[in-house]
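Participant: Take the sequences, apply the hints, and build the full model.
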Amino acid sequence: MKHFTPLLFICLLVLVASCSEDFLAEKPDKRLVVPSTMEDLQALNDYYEVHNANLPGMGELSSDDYYILYDRWNALSSPYMKNGYIWAKEIWEGVISIDWNNRYQQVFYANYVLEGLNELDRSIDPEWYDQLKGTALFHRAHAFYQLAQLFCSPFDASSSNNGDGLPIRLSSDLNVTVGRSTIQETYDRIIADLKKASALLPERDSYKTRPVKAAACALLSRTYLEMQDYDNALVYADSAIGFNYELIDFNTLNTSASYPMEQYNSEVIFHSRMTRYTPLASSRLVMDSTLYESYVEDDLRKEAWFRTVSGNYTFKGSYDGSLQIFNGLAIDECYLTRAECLARKGSVQEALSTLNQLLITRYREGTFSPIDLTDQQQALQTILVERRKELLFRGIRWADLRRLNLDPSTAKTLYRNLDGTIYMLEPNSPNYTLPIADDVIQLSNLPQNIRQ
Amino acid sequence: MIQKKLVYLVLLMITLGVAPGASAQLRHLSGTVSTADGQALAGVYLTTTDLRSSAVTDSLGHFQITVPEETTVLQVSHIGFARKTAYIPQDDSPMTIYLEQKFVSIGEVVVSTGYQTINRDKTPGSYSQIDNRLLNRSVSTDILSRLENITPGLLFDRRFEGSPSVSVRGQSTIQSDESPLIVVDNFPYEGDIDNINPNDIESVTVLKDAAAASIWGVRAGNGVIVITTKRGRLQQPMTIQANANVTIGEKPDLNYNPQFLNSSDFIDVEQSLFDQDYYSWMEGYYTYPAMSPVVQLLIAKRDGLISSTDAEAQLNEYRSRDVRRDFDRYFYQTSVNQQYSLSLKGGGQAVSYYLGGGFDSNKSNLVRNGLDRVSVNSMLTYHPTDKLEVSSNISYSYSKTDQNNGGMASVSSGGTYGLYPYAQLTDDNGNPLAVVRDYNTDFVNQAEANGLMDWSYRPLQDLRANDYTVTTGDIRLNTSLTYRLTDWLNLEGRYQFEHQNQHSRHLQSTDMYYTRNLINKYAYTDDDGFVQFPIPEGGILDNSYSDLYAHSGRLQVNFDRSWNDVHHLSVLAGAEVRQARSKGLSSRIYGYNDELLTFSSIDYGNEYLVSPDGYTDVIPDGNSLSELTDRNRSWYGNLSYTYRERYMLSGSARKDESNLFGVDANNKGVPLWSTGLGWQLSSEEFYPFKSWLPVLKLRTTYGYSGNVNKSLTAYATGYYYSNRYTDLPYIQILTPPNPNLRWEKIRIINLGLDFASKNHVLSGSVEYYRKKGFDLIGRSPLDPTIGFSVGGRNEFIGNNSELKGQGVDIQLNLNQNFGRINWTAQLFYSHSTNEITRYDYESSTISAYFTSVPVPVPGNPRYSIYSLRWAGLDPENGDPQIYLGGEITKDYGSILSNLTMDDLICEGSALPTSYGSLRQNFRLGDFAIGFNITYKFGYYFRRPSLSYYALYNSWTGHEEFADRWMNPGDEAVTQVPSMPAAGTSSTRDFVYTFADINVEKGDHIRFQDINFSYDLLHSKYPWLPFDKVSLYGYINNIGIIWRANHSGLDPDYSFQPYPASRTFSLGINLTL
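Chains F and E supply the protein sequences, listed in that same order.
Under the working numbering, the first residue of the first sequence is numbered 1, with each subsequent residue one higher.
Under the working numbering, the first residue of the second sequence is numbered 1, with each subsequent residue one higher.
Hints in this document: simulated from the structure, not taken from any laboratory.
Glycine included, every Cβ here is placed at the ideal spot set by N, Cα and C.
Do not take every clue at face value.
A few chain F residues that face chain E, going by a derived Cβ cut-off under 8 Å, partial list only [said to hold, decoys possible]: (1) Leu24; (2) Lys27; (3) Pro28; (4) Arg31; (5) Leu32; (6) Val34; (7) Asp46; (8) Tyr47; (9) Trp100; (10) Asn101; (11) Tyr104; (12) Val107; (13) Arg169; (14) Ser172; (15) Leu443.
Here are the computed lysine-lysine pairs in the DSS-like style, where the Cα-Cα straight-line distance is at most 25 Å [unchecked claim]: (16) F:Lys27 <-> E:Lys745; (17) F:Lys27 <-> E:Lys655; (18) E:Lys710 <-> F:Lys27; (19) E:Lys583 <-> E:Lys400; (20) E:Lys251 <-> E:Lys363; (21) E:Lys230 <-> E:Lys84; (22) E:Lys710 <-> F:Lys30; (23) E:Lys387 <-> E:Lys345; (24) E:Lys772 <-> E:Lys745; (25) E:Lys122 <-> E:Lys84; (26) F:Lys27 <-> E:Lys583; (27) F:Lys345 <-> F:Lys389; (28) E:Lys655 <-> E:Lys772; (29) E:Lys804 <-> E:Lys772; (30) E:Lys804 <-> E:Lys655; (31) E:Lys655 <-> E:Lys745; (32) F:Lys30 <-> E:Lys583; (33) E:Lys84 <-> E:Lys690.
Facilitator: Rendered as structure tokens:
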């Protein structure tokens, strides 16, 4: 006993000390999930409010398809809406940028999923694993794409693009800080992620809120177009069109409905919607009258997409089928990109035939006469006009303005008139790039964008 | 000499080594024990050093004891007296032993840290010991409240309703748990401390500095309160103790709360608002909003449905009413608390025991509220061999709490409304009457005609029908095994299991408004014209169960040895494992019949139109589940060394690991440690003041303790939800991964000085401490680029805040005899301040600084009171004005957005920074009387004031309405704003409510309590069938003697409708 007791005691002590780590690995709260399984990662990818809603709206707010009346502008409560509308030097005035914050939240979720996948064995369910990975890569690229259109100078194919790009966060670790990359690096990352995603994503999914192969192709096409890489833009527009998303025949629509376009309609490849800033509310925005008049009477879009509010025309053609503004990916955009790229490459006939394919679905049955031009420049101008008319309030106009301004032949100066005061945004103005919000600068020390 | 001692030592070891019953020569000794002045002492315990022989003196102080031949000394101990070692005379002549009275602060005080018991004089740490006598000075159902006002450094915060929060030496954390760790019989108590019967408690030790507390590691940051229950001793005759007392508490004074406007003025306000068409939108509105009886009367009068004279008569009748009278009569009562306890303890050769049982029955101040508690406690210690000690403790308590009455504040007219002051709860015959609630009276009156249930609200009927009880059972099994290897080395193992089971049952029958209202709201008329009830007619039964299972195990090695009479070394080391798991389940049953236990099934999936509000909703299901697990593993060690009982050195270290932290933090964690030095200056040869200051001791300690925030984990965690557009499940990440999460650390430096004058007439201690909390959990803004946000807030909760504090604890004891009167006095003074030194988050809404727990601000105390600089009333119209950026303003539209931190005045701490008590006790023979006067200084509170917004929209008025500005010139005599037009911005009230004129000093002196006792001893009155009969009385919460504020308010209860009631207790304690 005398020798046994201490021995027993020491044994017990050793037992306590060597308690396996499992003892301390117990979850403190059973209801909490520590997202780690494929189901969990799927649930992170399916977070609608992060990946599909509240996409940036500052570009649309600043673009030229609409205007608002002075009283409405003056009554805006948020300084950044007022400032963004007139392309002022200062935008945020101490207020946060939800466009920036929400997209980086999307990046956080995507990174978390990618890190989670590293811990899982692909062979358990390779197809699902690939979809999860492809989806996360797509979401991350989509976030970077959206941010690059607001917070980076336009990509210029004729320059080195070593201006300030985005902070490329590839980790969900809160302690990792990342500085700004170059514009080239930013676009390289978007392209690389999307290419990987296009290989991993499935061809179809029953939910249009989830990206599929065609979505990755459509976004690649859009990104290449941004980069003035028309060859690649064409390649991926073609790929997207190859997935057989049907164009809607507008003759089948009830054009007098409050929202004639259906949510998840046949043209939609990937569903998302933007933050509807107050000036973009259909009760407030007034269509640019020249733009409105450019739709001919037999163009069904003219009645399907617009209605009058106290004598002014406003927009009701969102592919969300609601007052929310759709800014996802749809096949009509790919037709227009394809047409533009072909035109730029000199295949004028093919370009116009692509455009006609789209437009015939937009016109009252039997009224459409195909566009027939031979001059390349003229054909391109026509395609660009049709591009603007088709992709109205889709979060595309701002990026197009930035890109087209690089070529003096397609450049445009924008004007705002507020109670007689004229504000102007010249092509390639540094004010085409938003400043980073003050709180971000304060907390991160990122270099600020210079405006004038 | 040394040789002789060695021989004794060897002899002692031999004695210990042999089995009991070994033959040895025995000596028979006898003698008497008395006080220094010759008074015989009964019940004194005498024992040999090996504890194998013992005796107790009789009523004349006589004892007889048989000891082994080689015994040289007897250990003599008695409660309240210094332990003494008496040498046995060679010739067996009768011994006369004198005991010296023990003094509370100095003398041989044995304190328990939960890991060991130590002599307080031999450690540099800061301990406060509350012995049994002091604990029983007051009468209460719970143990914690008995510590109030008798312990320096302990502050009870009673500002809010519910149990007071206790702090030891001020705040050590910012937004984690602030309560000190409570240890009962060596292990942290996981259940509700109110389960414990105070009659079973022997003593309480408060561990205040790092050296004392850091043995408890990451849970010691807020201080530790160690509670030790009673136990028997070997060789002690059985004593039986019975205790019974009753406490009567006065009815609370409902007129105390100034936030009440009398009916007449209230009706005038309603009349005025009515004239401004304030209520017209409610008429015919589809939700039938509640309108007060006066407004309904005014409408009827306007519409000609009632004559002016009748209306006026009715109004005059309303004017004469005061609903507080009804509440006082039907909702409040005199409280009666009864407490009974019976215990026996004693011990034989090898077994000692304590058995205690208690019963408490409390009738609250609130009618139909109360508590019944039964508790049983047994403690057995068994020495199978002289080397082995096995002890087992079983405690059980069961309580049942009735919570049927929420008090006056719980009765309201629904929505934002309180209750109008002219409400009537009963008719002249005492039958419950309806008051307006949620809907207007016409709508309510139609209900039954429309096939619905009665839709009226009768507060008194609700009170009588309410059936809400909470039962708590708690069982605690505690076993320990100590094996003595040698007389200086032992091993001990302890294990404790605790299971607390709580069941809350709330049955709301159809007599109750809640039930009828819910049933009616979901009822609809089907296509055939029948009224359908998706919620069936019947009671609603809410059950909620929670179970707590806690296991704790500990292994420890204790080393304790002296050399050459000069060195004393005591070391302990051990390991501990704990798990506390709590499971909860809540459920709701509709259509419940309590007679037959039948209930109805409900279609929870279907959405119904909720009338009259007109939205659709599912039926609330009330089901929820939870399961929390808290696991810890710790290693700890403690060392103390004394040289010549003059120099003391101590050190301790502890490493904790928990399942909150994750593997990385657990691996990286640095042990929390402490060290201390003590110097008994008065024992030095050169010490010059031996004659008048025979005791002088200096001590200092330094070290770290910690605190855990259980709301955080190291891993990314989230909850599953379902998306309303796609129906797909998704996860929202709620806490970010935080591999750097760690416990909060508190560094404490303590300097102490203990002294005692000759004969201990004056003794005491002075302590100064500084503490610094770092790695404290707090909010900090997060770069949005990082991408983690919840609800659009880019912030991070982590170890990023800091706080510092300092203070002084002074205790002075006086003990003086004046003739036959013994006078003892104890003066406490505690000073404690704190300051946030780092907090990265700043609130963007200024009102966050005016809440009862404001957002922390660096440079200010954790609990601060902020105010706006008052600029007086506008002489034109009595509008309140403040200074904003140095300018007078009353631009209510923009004030809130223009206010910055620079415009806020930090008035100071909301908790007392200086506090203490003066306790005196006079004893004449067997009669004793004591008083305790307490004081609190150096803090502020916000006086409740009149808000017109609240008056118009919540019917909450204030007495000061009578003093409001009415005519130009009034601004010279009043600061109460004029009555504004209906619809005026609530910011107008905001600037007045939070103006500096409404902040008052909390300083006050309070006559806390009186206690008295009269002892009848068998030794004096031989006819007594008991050894001792004590009659005692206690009066608590006597009243405030002096206060700095001019509003007549009790600043300790600043957010409560009335302060604690005065209570009167009478009791008897029998010892057999």
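Participant: Take the hints in turn and mark each one as holding or not.
Facilitator: To see whether the hints hold, each was checked on the structure:
1. Leu24: holds (5 Å)
2. Lys27: holds (7 Å)
3. Pro28: holds (5 Å)
4. Arg31: holds (6 Å)
5. Leu32: Result: holds, 4 Å to nearest chain E Cβ.
6. Val34: Holds. Min distance 5 Å.
7. Asp46: holds (4 Å)
8. Tyr47: holds (4 Å)
9. Trp100: Given a least distance of 6 Å, the restraint on F:Trp100 holds.
10. Asn101: holds (4 Å)
11. Tyr104: Holds: closest Cβ of chain E sits about 4 Å from F:Tyr104, inside 8 Å.
12. Val107: Because about 5 Å separates F:Val107 from the closest Cβ in chain E, which is inside the 8 Å limit, the hint holds.
13. Arg169: holds (7 Å)
14. Ser172: The hint holds - F:Ser172 has a Cβ within 8 Å of chain E, the shortest such distance being about 7 Å.
15. Leu443: With a minimum Cβ separation of about 4 Å from chain E (threshold 8 Å), the hint on F:Leu443 holds.
16. F:Lys27 <-> E:Lys745: holds (24 Å)
17. F:Lys27 <-> E:Lys655: holds (21 Å)
18. E:Lys710 <-> F:Lys27: Status holds; Cα separation ~12 Å.
19. E:Lys583 <-> E:Lys400: holds (20 Å)
20. E:Lys251 <-> E:Lys363: Holds, at roughly 12 Å.
21. E:Lys230 <-> E:Lys84: holds (22 Å)
22. E:Lys710 <-> F:Lys30: holds (13 Å)
23. E:Lys387 <-> E:Lys345: Holds, at about 23 Å.
24. E:Lys772 <-> E:Lys745: holds (8 Å)
25. E:Lys122 <-> E:Lys84: holds (17 Å)
26. F:Lys27 <-> E:Lys583: Between F:Lys27 and E:Lys583 the Cα gap is close to 13 Å, so the pair holds against 25 Å.
27. F:Lys345 <-> F:Lys389: holds (22 Å)
28. E:Lys655 <-> E:Lys772: holds (20 Å)
29. E:Lys804 <-> E:Lys772: holds (4 Å)
30. E:Lys804 <-> E:Lys655: holds (24 Å)
31. E:Lys655 <-> E:Lys745: Given pair E:Lys655, E:Lys745 holds - Cα atoms ~13 Å apart, limit 25 Å.
32. F:Lys30 <-> E:Lys583: The hint holds at about 10 Å.
33. E:Lys84 <-> E:Lys690: Given that 25 Å is the threshold and the Cα spacing comes to 21 Å, the pair holds.
When each numbered hint is compared with the structure, no violation occurs for any of them.
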